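Asker: Read off the chains here:
2 protein chains.
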Amino acid sequence: MAGSSDIVVVSGGVGAARMLSGIVQVVDPDRVTALVNVGDDLELHGLRISPDLDTITYTLAGEINPETGWGLRGESWQAMDSVKRYGGISWFGLGDRDLGTHLYRTQRVAEGATLSEVTAEIVAAWGLDLRLQPVTDDRLRTMVTLDGEGDEAGLEVSFQEYFVQRQHGVPVRSVRFDGAASASPAPGVLDLLGRAGRIVIAPSNPIVSIDPVLAVPGVRAAVEARRDDVVAVSPIIAGSALKGPADRLLVELGHEATVLGIARLYAPLAATLVIDEADAALADLVEAEGLRAVVAPSVMKTPELAAGLARVVLDGREDEA
Amino acid sequence: MAGSSDIVVVSGGVGAARMLSGIVQVVDPDRVTALVNVGDDLELHGLRISPDLDTITYTLAGEINPETGWGLRGESWQAMDSVKRYGGISWFGLGDRDLGTHLYRTQRVAEGATLSEVTAEIVAAWGLDLRLQPVTDDRLRTMVTLDGEGDEAGLEVSFQEYFVQRQHGVPVRSVRFDGAASASPAPGVLDLLGRAGRIVIAPSNPIVSIDPVLAVPGVRAAVEARRDDVVAVSPIIAGSALKGPADRLLVELGHEATVLGIARLYAPLAATLVIDEADAALADLVEAEGLRAVVAPSVMKTPELAAGLARVVLDGREDEA
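Quick mapping for you: the protein sequence lines, in order, are chains A and B. Count the first sequence with the working numbering and you get residues 1 to 321, in order. Count the second sequence with the working numbering and you get residues 1001 to 1321, in order.
These are computed hints drawn from the structure, not numbers from a lab. Everything numeric in this text was worked out from a predicted model, so none of it was measured. Ideal Cβ placement from N, Cα and C applies to all residues, glycine included. Please note that a few of the clues may not be correct.
[Unchecked claim] Derived SDA-like pairs: lysine to any residue, alpha-carbon spacing no greater than 25 Å straight-line:
no. : chain 1 : residue 1 : chain 2 : residue 2
1   : A       : Lys-84    : B       : Ala-1125
2   : A       : Lys-243   : A       : Ala-181
3   : B       : Lys-1084  : A       : Phe-92
[To be verified] Some chain A residues close to chain B (C-beta under 7 Å, calculated; not the full set):
no. : residue
4   : Glu-67
5   : Ser-76
6   : Arg-85
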C-alpha cells in the first residue's frame, strides 16, 4: 500500500482528522504526517489556540468531545463561566481540559519553542505515533471579508469571527491569508513533500483549510511537482459539504459546489480525485477535467468506513475488501 | 470614625484582605481604597496573574478558597491536570474558576486596558463597593536573591519562584523591585494619599508586600508626608508572622523579627503602630522608637475580630466595644 514510504496528508480539522483516523488503521502511523492548516489559529485571552491541530490530536487520541465535535471529552466549563461573569469574550468556547493545551502551547512558545516543536510535544503526550506538522511556524491568519448587510458589508474579520462567532451564517465576499507571503514552510516540510510516497488532500474545506496550507511559499509548487502521487478526496458529496460552509463558500467565491468544482480546483495539484458513490454519474465529467476519478464510499461515519476510504486513497483505486 | 474621608489601606494579600474585610464592616466601603502590591504579579502560560489583587477580591466577595487560603471556593483543577499531562509548569496552582479571572485580565490588557481599569471591572463584577487600586500600572516585579546552597547561592528568582515554587524555604540574601525606578504611580494614587483621612499599613509582609508599594517613585514620600494620619498594624506577633516568611525574611535582611523591628521600619512612615496584646510588654520600647503604640487583639480569626481591629485602626485607639 504505497510501499513503505512517507504519507503526507494535507489537513484541515474535522474531515482531515477522520481521514487520518482511517489511514493510521491501515498503515504504520510512523509513516504518516499530517501537514496542518494554521490559518484558523487565534490569540484569545493571551493564549495561542490552534484549532485544527487540536482537533486532529484529540480525534486521534479518541478524546474528541462527541457532543460538540471539538474540544475534549469529559469537559467542564468553569473557566468560561468565570470569563462570562466579567463580561469577557465567550463566543469561542474553551473547556477547562482543553485550556490546559493552550496554556502549555502558549508557555512553550513564550519560552522560544516553535509551533512545530510544541505540537510534537503535545502529540507525544497523547501517545500518538503519527506526526502533526503545522505548515508554518510563522503567523498566518485566514481573513474573511463579509458580504453581509449594513456594517457587515465589506467588513474583514478573522476566520473564527466568521466561523464560530457568526456561525458561518454570513455571505463571504473574499478570503485572504494574512502573513502567508512572508511565511516560510516549517523546517522539513518541502523535503517531506518531495520524498513522500503519497500525498493526500483530505476532505477538508478547499477554500479555508487546504488553500491556506498551499499559500505558504513553496508548498503549492511542491505539491504540484508531485501531482502524479497526489490523491484528493472531495469534501463535496452530492452538491453539499457534510459539515461547515464549504458548499456555500465555493459558490460565493465563484466556484461550483459539486465534485466538478472540486476537480477544477484540484486539477493542477492532484492526478486522482476520490468522489463519493452519490456522485458516480459525474465521474466522466471529473475525468474530463484531467483527473482520474475514483468512486468510493466517502462518508466516514464509522472507523471501518474511514479505514475503507483510507485503503482507496492509499491504493489510488476503489476498495476491494 | 476618621470622619467621612477616604481611607487608604496599603495592602499585600492575605493579611490585608482580612484587614479590609474588617474595615468594610465598620465604615462605608465606598470610602475605602486598597492600594495594592503588584510585585507578586507574574506572567505564566501567557496569562497576567495578580495574586494580591485577586486574594483581596475573592476574600471580600466571600469566595476565597477556605482550604488553600488562595484561589476560589468550589474550584476544580481540570486545566492544571491537562498542563501536567504535557509536563508543563504546574508549581503555581491555577484552578479552573480562578483561570477565568486571568483570562479576562490578559485579554483586556491586550486590548489596551490598564491594570487599574481591569481591576475596577473585576471588582465591580464581584459586586464589591470598595476600590482596589494597583499601586502602578507599570511592570514592577519583586526579585529575590537566594542564599541557599550550591546552585541556589546567589541565584535571583521571581517572588513566586521563591514563595510558591520553593515554598519560601530557602534563606534570602536580598530583595529588589525590578522596574520600580521607572514605574509611575497609577493615576490618582498620589492625590488619594494626599487627601485620605486615614492611611492604614495592613499587617502584610513589610519586605515583600508593603515595601514594593512604597518603592514606586513618589509613594513613600506621599505616605511620609501624611505620617500623623498613618496607622500601621504589626504583622509580627510575639516574634512570629501568623503566615508566610515575614519573620525569617526580617532576620535574614538584618532586621529584628519583633514589633520593635517593625517599629523601626515604620517609624518614618507611621505615627501609630498597632501591636498585639501578646506584645503589650514591648509598648514602651515601641514608643521609644517614636511611634505611638496601641495594644489590641490583632489576630483576625473571625469577622468580629477583624471588625474590632478595624475600629482600633480607624480610631487610632484601642477598641472599647
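Asker: Using Cβ atoms only, decide whether Ser-76(A) comes closer than 7 Å to chain B, and label the hint accordingly.
Answerer: holds, 5 Å
Asker: The hint names Glu-67(A) as touching chain B; please verify it with the least Cβ-Cβ distance against 7 Å.
Answerer: violated, 16 Å
Asker: Decide if the proposed pair is consistent with the structure: Lys-1084(B) and Phe-92(A), CA atoms, cutoff 25 Å inclusive.
Answerer: Distance of about 24 Å is within 25 Å: holds.
Asker: Classify the hint on Arg-85(A) as holds or violated, based on whether any CB of chain B lies nearer than 7 Å to its CB.
Answerer: holds, 5 Å
Asker: Sort out whether Ala-1125(B) lies within 25 Å of Lys-84(A), counting only the CA atoms.
Answerer: holds, 10 Å
Asker: Given the proposed pairing of Lys-243(A) with Ala-181(A), does the C-alpha separation stay at or below 25 Å?
Answerer: Roughly 29 Å separates the two Cα atoms, so the pair is violated.
In terms of the numbered hints stated before, the structure departs from hints 2, 4, listed from lowest to highest.
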